[in-house]
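Student: Could you build the full structure based on these sequences and the hints that come with them?
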Amino acid sequence: VRESMTKTDEVLVEPRDASWFEVEAGQLFRITSVDGPQVGDLNLWNKDNIREKFYSSKTRQLHATHLSRGDRMWSSFPYLRPMATITHDTLEWYGWDQDGAGVHDVIGSRCDPYTNAVLRGVQYDQC
Numbered sequence: 001v002r003e004s005m006t007k008t009d010e011v012l013v014e015p016r017d018a019s020w021f022e023v024e025a026g027q028l029f030r031i032t033s034v035d036g037p038q039v040g041d042l043n044l045w046n047k048d049n050i051r052e053k054f055y056s057s058k059t060r061q062l063h064a065t066h067l068s069r070g071d072r073m074w075s076s077f078p079y080l081r082p083m084a085t086i087t088h089d090t091l092e093w094y095g096w097d098q099d100g101a102g103v104h105d106v107i108g109s110r111c112d113p114y115t116n117a118v119l120r121g122v123q124y125d126q127c
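Quick note on numbering: the sequence shown equals residues 1 to 127 in my numbering.
Take these hints with a grain of salt, some might be off.
[Unchecked claim] Label-pair ranges, simulated between beta-carbon atoms:
hint: 1; residue 1: 105; residue 2: 79; range: 21 to 29 Å
hint: 2; residue 1: 3; residue 2: 117; range: 15 to 23 Å
hint: 3; residue 1: 62; residue 2: 10; range: 25 to 33 Å
Don't read these hints as lab results, they were simulated from the structure. In this text, a Cβ means the ideal position worked out from N, Cα and C, and glycines have one as well.
Tutor: Right, here's the structure in full:
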């Protein structure tokens with residue numbers, strides 16, 4: 001399938017920035033880190049019903065804390081449908097490190113510079 005694909009668009013997102021793009025049912029999209037190790041938060045919405053969105057907690061419950069090839073990203077209630085499926089994972093080789101960490105996690109909230117300021121009174125942008 002991958003050999004017969006045609007690239008239709010490219011979106012470059014600078015560090016500490018955001019963007020969006022539309023993906024129709026059945027289409028594939030690729031996320032690539034172009035400048036070293038980075039955190040890339042992914043949010044998904046149904047373009048025809050923005051109340052249906054990616055539900056990371058339910059995805060974690062149905063699959064695991066760290067996603068990889070074959071895992072689906074599920075939508076919120078009352079819909080609870082797969083919104084995306086991971087078909088290829090170039091970081092599969094990483095596995096688990098000595099601290100028990102992996103990649104593609106769905107355990108935490110999205111990256112933002114405000115949480116530490118609220119919790120600790122410190123400005124620290126870890127994104």
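Student: State for each hint whether it applies.
Tutor: Here is what the structure says about each hint:
In this structure the hint that residue 105 and residue 79 lie 21 to 29 Å apart at CB holds, the actual value being about 23 Å. Under the hint 15 to 23 Å, the C-beta atoms of residue 3 and residue 117, about 48 Å apart, miss the expected range. Between residue 62 and residue 10 the C-beta distance comes to about 31 Å, which sits within the given range of 25 to 33 Å.
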